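Engineer: Each chain, letter by letter, is given below.
Protein chains: 6
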Amino acid sequence: MPRIGAFGEVMMRLQVPGYETLSQSSRLNYSFSGSGVNVAAALGRFGHECSLISTLPDSSVGEAALAYLRKLGIHTAYINRGGRYVGMYFLENGFGVRPGKVTYTDRLGSSFNTAALQSYNYAAIAEKIDVIHFCGITLAMNDIVRKQMKQLAADVKANGGTVVFDFNYRPSLWGENGYAKARSHYEEMLQLADIVMMNEKDPLFILGMRTEESDRVAQLKQLIPQVVQQYGIRIAAGTHRQINADNTHSLTGYLYKEDVFEFSDKLNFSVYDRIGTGDAFTSGIVHGELKGYSPQQTVRFAAAAAMLAHTVAGDTPDATEMEIFQVMRDSIGDVER
Amino acid sequence: MPRIGAFGEVMMRLQVPGYETLSQSSRLNYSFSGSGVNVAAALGRFGHECSLISTLPDSSVGEAALAYLRKLGIHTAYINRGGRYVGMYFLENGFGVRPGKVTYTDRLGSSFNTAALQSYNYAAIAEKIDVIHFCGITLAMNDIVRKQMKQLAADVKANGGTVVFDFNYRPSLWGENGYAKARSHYEEMLQLADIVMMNEKDPLFILGMRTEESDRVAQLKQLIPQVVQQYGIRIAAGTHRQINADNTHSLTGYLYKEDVFEFSDKLNFSVYDRIGTGDAFTSGIVHGELKGYSPQQTVRFAAAAAMLAHTVAGDTPDATEMEIFQVMRDSIGDVER
Amino acid sequence: MPRIGAFGEVMMRLQVPGYETLSQSSRLNYSFSGSGVNVAAALGRFGHECSLISTLPDSSVGEAALAYLRKLGIHTAYINRGGRYVGMYFLENGFGVRPGKVTYTDRLGSSFNTAALQSYNYAAIAEKIDVIHFCGITLAMNDIVRKQMKQLAADVKANGGTVVFDFNYRPSLWGENGYAKARSHYEEMLQLADIVMMNEKDPLFILGMRTEESDRVAQLKQLIPQVVQQYGIRIAAGTHRQINADNTHSLTGYLYKEDVFEFSDKLNFSVYDRIGTGDAFTSGIVHGELKGYSPQQTVRFAAAAAMLAHTVAGDTPDATEMEIFQVMRDSIGDVER
Amino acid sequence: MPRIGAFGEVMMRLQVPGYETLSQSSRLNYSFSGSGVNVAAALGRFGHECSLISTLPDSSVGEAALAYLRKLGIHTAYINRGGRYVGMYFLENGFGVRPGKVTYTDRLGSSFNTAALQSYNYAAIAEKIDVIHFCGITLAMNDIVRKQMKQLAADVKANGGTVVFDFNYRPSLWGENGYAKARSHYEEMLQLADIVMMNEKDPLFILGMRTEESDRVAQLKQLIPQVVQQYGIRIAAGTHRQINADNTHSLTGYLYKEDVFEFSDKLNFSVYDRIGTGDAFTSGIVHGELKGYSPQQTVRFAAAAAMLAHTVAGDTPDATEMEIFQVMRDSIGDVER
Amino acid sequence: MPRIGAFGEVMMRLQVPGYETLSQSSRLNYSFSGSGVNVAAALGRFGHECSLISTLPDSSVGEAALAYLRKLGIHTAYINRGGRYVGMYFLENGFGVRPGKVTYTDRLGSSFNTAALQSYNYAAIAEKIDVIHFCGITLAMNDIVRKQMKQLAADVKANGGTVVFDFNYRPSLWGENGYAKARSHYEEMLQLADIVMMNEKDPLFILGMRTEESDRVAQLKQLIPQVVQQYGIRIAAGTHRQINADNTHSLTGYLYKEDVFEFSDKLNFSVYDRIGTGDAFTSGIVHGELKGYSPQQTVRFAAAAAMLAHTVAGDTPDATEMEIFQVMRDSIGDVER
Amino acid sequence: MPRIGAFGEVMMRLQVPGYETLSQSSRLNYSFSGSGVNVAAALGRFGHECSLISTLPDSSVGEAALAYLRKLGIHTAYINRGGRYVGMYFLENGFGVRPGKVTYTDRLGSSFNTAALQSYNYAAIAEKIDVIHFCGITLAMNDIVRKQMKQLAADVKANGGTVVFDFNYRPSLWGENGYAKARSHYEEMLQLADIVMMNEKDPLFILGMRTEESDRVAQLKQLIPQVVQQYGIRIAAGTHRQINADNTHSLTGYLYKEDVFEFSDKLNFSVYDRIGTGDAFTSGIVHGELKGYSPQQTVRFAAAAAMLAHTVAGDTPDATEMEIFQVMRDSIGDVER
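Residue numbers (the working numbering), protein chains in the order written: chain A, 37 to 373; chain B, 37 to 373; chain C, 37 to 373; chain D, 37 to 373; chain E, 37 to 373; chain F, 37 to 373.
Incorrect hints may appear among the rest.
Identical chains blur together in the list; that is why a pair holds if it fits in one copy or across any two.
Straight-line alpha carbon distances no greater than 30 Å define the calculated DSBU-like cross-link-like pairs of lysine-lysine that follow [stated by the list, open to error]:
no., residue 1, residue 2
1, Lys-217, Lys-137
2, Lys-302, Lys-137
3, Lys-137, Lys-327
4, Lys-183, Lys-237
Calculated from the structure, these hints are not laboratory results.
For clarity, every value in this text was computed on a predicted model and none was experimentally measured.
Pulled out of the complex, with its shape left as it was, chain A reads as follows (with noise of 0.2 Å):
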């Protein structure tokens, strides 16, 4: 059974309850996650071996986080103490027209923001990793923080590993000029990747490329072909979504491997939680890969794991295998084709 590892920070969500917003309520509700954890747990559920590479204070925080992350199924072996904070974000719900609002405390002094360079045991990881997933979260945050991604991404692919990338590009992160900014750190990880995770949007507009196609599928079906040939990728996916009049979400996941491009289903569905469901669409591709799944599969499997993580309380995705077949199975009624 193939390890799975993920790099990334864990943060603290801190979330009203109900439909209040933060001036109204008292109380919150906290849970802890990142794209790491989230992709950690959703292939922890599906039966995988996942670990978390990351750093956690040791104080109180710290150890709730790592009880938390124990109990979603992630191996805690190499998640360093030391530091002094968690980042974290509070969560005020929207309802309808009214859009929710994510307010972000200070994540750059957060422990694993400030870790030293050499404070993870890169070769040793990569030994006992078979596939170690990234984010473009990450890839914001500093200069240190960049490097350890690269050097336990190298270790990982010299040591016959796979390695997962995810674009998430996140403007606000970048800042001004982010554009330019994150363009030559995310070459140099698609450099290190076999699996990536992306859409027409991001050769668009971090990579630079151009297109005359103004559909989004079409520029997709030109520009991803472009980028898996220019930087070696073994397979490319990634996601649709549309928001729909009556709050509901359309989702349309695609996979390109080997010069063929696969989608699923538009899946048409009520919302409860959206945050995470990309780490859900993720999970699901590197699971099809790993199960050997065809590609056709592999992208249905993707799309409803995505689809259920939106009607699961939290950050992470918690669906079984079982539960996704399940749902794949029963919804038919629910699918636009």
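Starting from the known structure of chain A, arrange chains B, C, D, E and F on it as the hints suggest.
Structural biologist: Just chains B, C, D, E and F, lined up with the frame of chain A:
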């Protein structure tokens, strides 16, 4: 005013609040229900004097169950105390495409299911009851409980009372070859019953009847009159349910009496809590019959009662006659003709 | 910056959380509201300095109400302390076809409704207020409160201020022959008012006007100009609401000024908390007028403010000007043209 | 088995959970209580058939009150529906040196306090009741309620039943010169009463008796026999309470019957919820008398019942006879001799 | 670092929050515990690698239990999935003189208690475990479980591991003539045990030993050395508990090793949650022994661990070694010498 | 009426409800506090007009903080909006011998601690403030904040206002050699201060003074007059606290003015929430001085205010003058003379 009894187990419902799973949460809301509880409470809300015939343990849990039944307006004079446990089930709410989950604890060891054959004073109860309700779930428990059911039904019938029987076949309770195991018990109950809740699937699967029709309504129209005639049933009634792509449900009620079918409109509505809504329909049929409504009025009332029960927290219907009349009148815009 | 006052009662809202009824639950959430409270808070969120003119008891409940008003950003210098009680209402949420329920406690004995005629320093307040808001609910209370209303309106008008009056006729408060009882009081307020919130039903039923038209919009277009002319009103505004089969609401706002009608788009949206949304519309109209928006901008702003108020917990609107602009811009897909 | 009635108002208790104040919190827990409710529920837990004679509104609040009373095991056949409101009080818990606070809403407008003089069928009720309980709080309400009390007491007495009367004088309810206003009403009730709950303060302040003694116990021993003789009372009983520096309470019960005083031990205990504990003592006295306990047993049972009631959430005693016997036996170490 | 195993059932604890009873409340908090769970978690907090050997059902409840154990830091590799149920108990908190109440559901039907004799791979587990913990509660279940216990104990002992056995005799589990039924099973376990938790009552009642002494400590000093010698036990340890009039508890630990008794100070403390505190003491003894503390250090550490466990929510101890050292140092003022 | 200002940071307090730890729970209650917040709110409750001078971010968290401050009755006109974060701390309650835990997030990056030197309009504020409060915690932050403090203190003093300074030295904030780093800053503040909160430890450790006395009171009596004389201080005041074996606290206040020491009684009390109680004492001293109480009255009032603040939920004192007078009168039984 007719006095109504219901014979059945009291279950403790342990519901995870909101949309978390049992693994995610640490809190439960509890209540007490059961098919007999639901029917007795619903008919009590309509103004009848309703008693439950059951057994509860002499423990804190039994005390809590009794207090809850009293709160629902159910008379508890025929509830024995003894045995050790209350049957329980956990309920995790679904959301959208994610289905809810019910997980049972051992109900076969409950006070109700371990009560001695002669623990109820059948003759005395039969004298004070004009209408008695039974449910097919109880029939699935064990031989002693089945004997208790049949004896009480026979005594009420002998005393001139009305016997209501709801098929309510649950495959998981009968196990392998369940239909075969169940048939003779259902047949015995049908011999004793005046009002029977069923649809076309019951004669097809449990009674082993046959039809050439493939449409559900055509099957119903063919099979129900046969059952009614064969067993000398006064009234047969039931529903067809359809779950729509937007998670709303549609429900159509039928009532067959004196060789005539009456159908309610097809009602379309959002669902808050689905469990126990069949009991609301049964209560509406019994109430309409006791109050002398026309069959058309009765089936419309019962369907509206079932629809409203989907919007109420908990298993147990809570609507008054006036509230049901109001929704029959006001929600006309919602009805698909 | 204009200083705004609102004259009215503070009510305590006692809401059963979730979808349980008062019989099922054992918990309440409480807040404080009222038409004047809602308008003052909403205009305060838009940046105006807003005061409530009211009376609260010198008790823990009065203290809690004051603290809550301050939290809402309302200035409390014109709130007297005295009397004994706060008017209260219980709110049980509906779900789907099951309607919500409001149950009042005795508000006629409240501090506000028992305050002596001269308990407010009308002249002093009028000097410090540029715009004053009144609501027809207050007009239904008793003679002393009506006199207080009219005196304050007259003093503000005499001082060059603007008088806003919202018809807000509540049949249950006026009792039998309510329209007849109410007419002269409404007429007196109209004589004093500059901005009036109403739709075609108000002239028809309260003022006893007639129309041959049967369509609501045609009635509106015929009757509003007549009222405006007869009473020398500067601006009339109001809404038409429609409740759809899928429990969404649709709302269209109108504004009539200088002989011209302006209408908002018909907005369609999901509803979280309906109470107080009319006050959000009023606040939008007053704000647009104070800021010099065009009538078209004003009515669109007010309708969007009302729509957003349906998505916010509690009676009291919470949106900033920026949030309303954002929903006017972003939710264009949701709008039915 | 004796059938017991209690005549009195049902109050809604609105308690701020934990130790926050009404200004700090936004949540309330509610329950229903009242002196008659507490006595009926406590005696019901001891196995008697207990009814409340009262009036509740035909509203959601009235429904919730009825359901709550049923849950407490109280028979509701003599509860009329009518009027508009339920009396309410807010409860903010104290902590240590910070005292708790009770804030009433208007109870004079409640359904109970506005019921017509002849709204109860006194003669019919008196025939079905062996023991009837009244409380001095009810005596403070208004003339009609006082007449209802006296008529019901007279009818029960005439029918051979036992009248229990608890002085329970509340200064805030009688206002200025309260003792003078109250005296004649208390004297009338004493003429009708068989069992009277009081201590030395009641004859001193309400009945205007005199004593040279300064010690409380000496006063009690002098005054109670005088009252008992003068009004032909069968049993007098009551408590002395002391609040200790460590926030524990001490309680000593007395019972005077057939010219003999019996005293309980002085019980010392921690307090969770003080309200309603006097009603627990009353219930213990009535129960001991009905069961034929010796006076010494009765007063010890009543004192233990009162002690236990301090440890139970809510106003209403919850202990069974067995639980009281157990605490009488086990907590002997806690007793100060 | 020694690897520790604990063999035992996982119980679901369903606790009514606050001080309400099951009849009063409608909410429960749940967690998972058991003697083995508590010991494994406590020793895990001290830095050891701890596993539970048990069986859980393949249901939502089993999933939730597993997630909870992982959160506690327990390794779950030796937990089988199978059977149908989890043993459960309800906990109603007491207050002051009102005792708490525990109500069990049927644990004999649990997955653990119905697992097949050979369902655990004893030899393989024994190889990977240095210390194994058993508890007398498990011994009370049924013959198959007893055989599983003894086989696992024998295999660990044969492999050179240490066997810890806690008498923990529960009269309610053994029924009539329980001591006689239990004796031979306890004797078999003592033959296999290295570290035994007991006090003087265990040899007296279970092993049928005799003493002329009447003082508890004198009995202890006479009987424990006899047991130790007879069964070749390395260490015996246990506690004396005293419940004080002010609801505080006092605890004195003893440890007997190499013919010497060591006693802790008598610790006096307030109690938040009493359940599981004996397991904290056991864990302290095992930890002291594994770390090579002096017997005096060990018993003081274990007693402080037990004291701290009374202050922690839930059954399962939560203190780190550092926190126990801190309370040993700081709370010296609280100690009665 | 004197206008009072307080300069300081607003902290968000995130408290785990009940007695669970951050690892065990999933819920937090939040509120906003800080030394200046507490003093401004407490003096506001005494009837003064109180403002906070601070900086909050323009985010949902900043909005929530502002709303909370308004609810506390604090004027917010001098609160700037800017920067990005609010300082936060987690609070886990202790129980009995288990101590509570406070875990900070990064406060140095807060809006308050990153505000530009000239972001406050010192001169304008100083003109409108009669009394200004500062706290030693603020002095520990950074150079710019220290300069802001000193400039505002100087401007208020120059304008004839009163400067209150509370030593409040926190070792963890000053780090290694903290006393040496802090001394000159404290000395500068003392030069500007009129009323100083301190006890004997402050001159000993921070100012480096010496004494031959070993008793705390003797040290206090020797050192405080020296400090007062050296820096020209009008009033010095402070407390001695003692934590008793039964978890109660004892507190004695002192006040030194015009060469005379006054002491309060030693108050003994149970503690609900210890944080912020020193600010209650400060507020009592300032209020007594502003109202012209005698020094003996002032110190007794301040000690009672501090005692009451231990019984109130949250950091911020909530008592009115009347409530403090009441506890000074009623709790006399609790006082150790």
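Engineer: Next, verify each hint and record whether it holds.
Structural biologist: Okay, the hints, checked on the actual structure:
| no. | hint | in the structure |
| --- | --- | --- |
| 1 | Lys-217 x Lys-137 | within (26 Å within a copy, 42 Å between copies) |
| 2 | Lys-302 x Lys-137 | both (27 Å within a copy, 26 Å between copies) |
| 3 | Lys-137 x Lys-327 | between (38 Å within a copy, 28 Å between copies) |
| 4 | Lys-183 x Lys-237 | within (25 Å within a copy, 49 Å between copies) |
Checked against the numbered hints given earlier, the structure satisfies every one of them.
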